[in-house]
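Engineer: Listed below, chain by chain, are the residues.
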Amino acid sequence: MSDANRTPVAISGLSPDDPHLQPAARRPELVERVIAVLFVFGIVLCLGFGVAYWQNWAPWTLGATMGGGLSLLGIGLIAWGKYLMPRGPFVEERHELANSDADRDAFAAAIVERGGAVVKRRKFLGGLLGTGLGIFGVVAAFPLIRSLGPLPKGTLFHTDWSKGTYLVDITGRRVHVSDMTLGSIVTVFPEGLQDSDNGQAVDQTVLIRLSNQDFTTMKGRESWGPSGYVAYSKLCTHLGCPVGLYEQELELLVCPCHQSMFNVANGAMPTFGPAPRPLPQLPLMVDAAGYLQSQSDFKEPVGPGFWERNS
Amino acid sequence: MSDKKTKAAPTNPYGKIGAALNELDDRLGVAKGGRTLLDKVFPDHWSFMLGEIALYSFIVLLVTGIFLTLYYVPSSALVTYHGPYLPLVGQKISEAYNSSVNLSFTVRGGLLMRQMHHWACDIFVGSILVHMARVFFTGAFRKPRELNWTIGTTLLVLSIAEGFLGYSLPDDLVSGTGIRIADSIILSIPVVGTYISFFLFGGNFPGTAVIPRFFIIHVLLIPLILLGLVGAHLFLLVRQKHTQFPGKGRTEKNVVGTPMYPVFMAKTTGFLLVVGGAIALLGAFAQINPIWQFGFYDAARISYAVQPDFYMGFLDGALRIMPAWEFANFGHTIALEVFLPSVVFPGILFTLVYAWPAIERKFTGDNELHNLLDRPSQRPKRTAAGVTVLSFLSILFIASSTDVVANYFRVSLNTVLWEMRILTVLVPLITYPVTLKICREMMGFQGAGKRKTTNVVTRTTEGEYVAVAAPVYVDDAHHELDAIRVPTFLAPEEETANAVEPTSGVRRAER
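Chains as they are written, first to last, in our numbering: chain A, 1 to 311; chain B, 312 to 822.
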């Protein structure tokens with residue numbers, strides 16, 4: 001008779017020769033030998049783990065010995081439980097979780113009656129206590145949360161670019177009009193901030209040379225692209241990833257995170273993907289010595305959308 | 312009372328162990344409860360191991376995690392790298408990244424522990440998901456176990472959050488970009504988004520507060536809640552006893568299986584060792600998250616074709632295929648292209664998951680206690696609903712690698728994006744009716760899984776042939792595996808008309 005068809009019994013009170021208490025294996029001695037071999041190899045590997053650590057062997061030897069040792073001991077133990085221990089099946093009765101009606105009523109009565117006796121007669125006190133604790137809860141939440149950080153205020157609307165800020169690359173070198181060839185791209189920062197957190201996270205800008213003449217990307221931006229240089233915020237308007245890929249032939253900036261594409265010749269209008277807005281353009285000018293400067297800050301907030309944004 | 316204490320201890324029939332147990336019982340009164348615990352029966356089924364995998368990978372996470380905290384430095388302060396990894400030598404990197412790289416290269420066994428921790432995390436979340444699917448499709452969440460379903464769902468949410476925080480701590484290029492995206496998602500929340508962002512980051516992104524804050528949430532706050540909830544989850548499991556599949560001798564009122572001591576204990580301890588061993592082998596042979604190759608986080612740099620850990624995939628996919636629907640013509644901006652897929656969608660999804668036991672109870676009117684599990688085919692609408700949600704999430708998961716798919720199959724990104732957008736709508740529309748149909752067909756096979764009986768053909772003296780069905784095999788005579796009349800989702804009559812009368816298990820609540 002297969003195990004599945006043997007009638008389940010309770011484990012307590014069985015005589016030692018009851019078939020439920022016999023091992024499931026047909027040849028227990030053989031299984032015992034196999035498990036012994038598993039355990040011996042497991043012990044050897046666990047010792048090997050110690051040796052590998054002591055001798056400072058490569059990390060994979062540590063993992064292989066530890067993993068192999070644990071797995072062999074585990075497989076042996078499972079086999080021991082499955083084949084050499086009482087085969088069952090055993091049964092246990094479920095006891096109803098619900099109590100008798102009398103007990104339930106007594107419980108409910110204790111809560112309702114005692115509570116009623118206290119609260120109903122002292123509603124005023126209860127109200128005062130509740131108000132006090134409520135006020136404390138609300139008031140305490142303010143310093144707790146408020147001290148976590150400054151208010152946003154206008155922070156998200158401005159960057160460190162302003163009138164006459166020099167464009168520098170990551171090494172801090174100013175960009176001269178003669179530096180870049182047609183179609184080349186470089187990431188620029190406000191001078192002096194190329195190593196700062198804010199400079200890298202907020203002010204990062206891509207500078208692309210599209211032409212040898214002044215370049216107009218949109219109506220009203222006639223003076224923004226001197227000598228064919230155009231600059232856009234590098235923060236994707238979708239989720240703020242750096243728009244780090246440039247497809248030179250199609251003049252597309254591509255965001256590697258979610259594949260939004262922006263047409264740099266056309267005001268960085270999004271042409272594909274989830275980005276909703278064009279990348280803000282930085283108005284550029286050239287100083288007397290031929291170095292690139294910003295005319296002003298970006299005309300709109302950079303990066304992803306947020307509630308207070310108004311454009 | 313006092314005689315008992317002064318009485319000379321009689322020789323215990325169970326020797327020293329028996330005497331020691333008596334001493335323990337004098338003080339704690341554990342003999343009776345202990346015996347019940349040792350006799351406690353656990354039903355056997357391979358699918359009941361899935362939760363054990365989650366539990367044991369959690370133990371591995373705790374052990375390896377404690378090791379990692381001994382070496383990791385949660386700070387954004389810049390230091391110069393002077394380690395054995397040549398490409399980084401002399402670079403200014405954060406202490407968090409520096410200590411993570413040192414953990415990998417100079418701490419003995421550190422790389423193994425880091426990789427085991429990461430693998431254990433993926434296995435933890437993955438096994439929770441599969442365990443949850445098992446509980447869902449077999450109806451184990453029904454009364455009286457709704458509370459444990461709620462706790463389990465909370466464990467899933469917290470472990471996803473915990474995974475994301477841990478993934479962020481090494482401060483490498485990829486995880487830093489992940490934090491940037493998380494910040495942008497927070498910013499998209501109407502009215503309060505910017506405030507939440509500034510309070511979480513201690514100012515504008517990235518600031519220096521985020522690494523230490525994520526660290527303490529990752530190693531203290533969430534693990535503490537997880538531990539408590541895992542304890543509650545197991546306590547309820549013991550208190551309410553495990554569910555079981557129908558079968559010989561199994562009823563709503565008993566549990567059939569193996570006793571806690573020694574059989575279950577041996578098997579489950581062995582399984583703990585195997586799970587730990589498997590994670591160690593993965594840590595040894597399958598590289599995961601090689602942060603030294605990604606480089607340190609620099610907000611102006613980015614890597615290409617990078618996916619988050621798998622449990623974040625469905626959100627990333629939803630973000631990718633969402634059309635650019637910003638709503639911004641009233642003096643404020645609602646970034647719907649971010650807010651809908653990454654805040655509203657998971658919000659609705661998890662609300663549905665939390666509410667499912669209540670939803671099902673409302674639609675079936677079934678308020679009975681259930682200890683016997685359903686076969687998924689017996690509950691066509693529930694199964695179809697579950698498969699539909701899973702298929703939807705799977706498409707979103709695939710959509711999280713549109714760029715890789717486009718590259719691999721040499722098709723345009725545009726094509727892949729539109730295919731994914733169409734598939735997210737189309738696939739659930741197809742999976743629901745198809746699953747429903749398959750389940751109903753399966754319900755139609757009466758006694759499916761039983762042996763066919765012989766037809767004995769005899770010839771009478773008149774020459775007439777008569778076919779008589781032989782009696783059912785003795786082993787198949789019981790009816791536990793028969794299709795049973797089930798509470799359906801306001802089902803039309805003909806649907807249940809063919810089902811045989813219930814012989815065990817669930818009955819529709821009488822009204």
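These are computed hints drawn from the structure, not numbers from a lab. What you are looking at is a predicted structure, and each value in this text was computed from that prediction instead of being measured. Just to be clear, a hint being listed does not mean it is correct.
What the hints assert, rightly or not - Distance windows between CB atoms, simulated: (1) 370(B) to 21(A): 42 to 52 Å; (2) 535(B) to 220(A): 33 to 43 Å; (3) 336(B) to 146(A): 32 to 42 Å; (4) 673(B) to 36(A): 55 to 65 Å; (5) 127(A) to 673(B): 30 to 40 Å; (6) 19(A) to 546(B): 46 to 56 Å; (7) 560(B) to 97(A): 19 to 29 Å; (8) 140(A) to 397(B): 49 to 59 Å; (9) 528(B) to 30(A): 50 to 60 Å; (10) 10(A) to 335(B): 18 to 28 Å.
Just so you know, even glycine gets a beta-carbon here, dropped at the ideal spot from N, CA and C.
Engineer: Quick check on a hinted range of 33 to 43 Å for residue 535(B) and residue 220(A), using CB atoms only.
Structural biologist: violated, 57 Å
Engineer: Is 55 to 65 Å right for how far apart the beta carbons of residue 673(B) and residue 36(A) are?
Structural biologist: Since the Cβ atoms of residue 673(B) and residue 36(A) sit about 57 Å apart, the hinted range of 55 to 65 Å holds.
Engineer: So does residue 140(A) sit 49 to 59 Å from residue 397(B), Cβ to Cβ?
Structural biologist: Holds, since residue 140(A) and residue 397(B) (Cβ atoms, about 52 Å apart) stay within the stated range.
Engineer: 30 to 40 Å was suggested as the range; check whether the CB atoms of residue 127(A) and residue 673(B) agree with it.
Structural biologist: holds, 36 Å
Engineer: Given a hint of 32 to 42 Å, does the C-beta separation of residue 336(B) and residue 146(A) actually sit inside it?
Structural biologist: violated, 55 Å
Engineer: Assuming the hint says 50 to 60 Å, is it satisfied by the Cβ distance from residue 528(B) to residue 30(A) or not?
Structural biologist: Between residue 528(B) and residue 30(A), where Cβ atoms are some 53 Å apart, the hint holds.
Engineer: Against the range 42 to 52 Å, how does the distance between the Cβ atoms of residue 370(B) and residue 21(A) compare: consistent or not?
Structural biologist: violated, 32 Å
Engineer: Holds or violated: 19 to 29 Å for the Cβ distance of residue 560(B) and residue 97(A)?
Structural biologist: Check passed, 22 Å falls within 19 to 29 Å.
Engineer: In this structure, is the beta-carbon distance linking residue 19(A) and residue 546(B) contained in 46 to 56 Å?
Structural biologist: violated, 35 Å
Engineer: Evaluate the given range 18 to 28 Å for the C-beta pair formed by residue 10(A) and residue 335(B).
Structural biologist: holds, 25 Å
Of the numbered hints stated above, those contradicted by the structure are hints 1, 2, 3 and 6, listed in ascending order.
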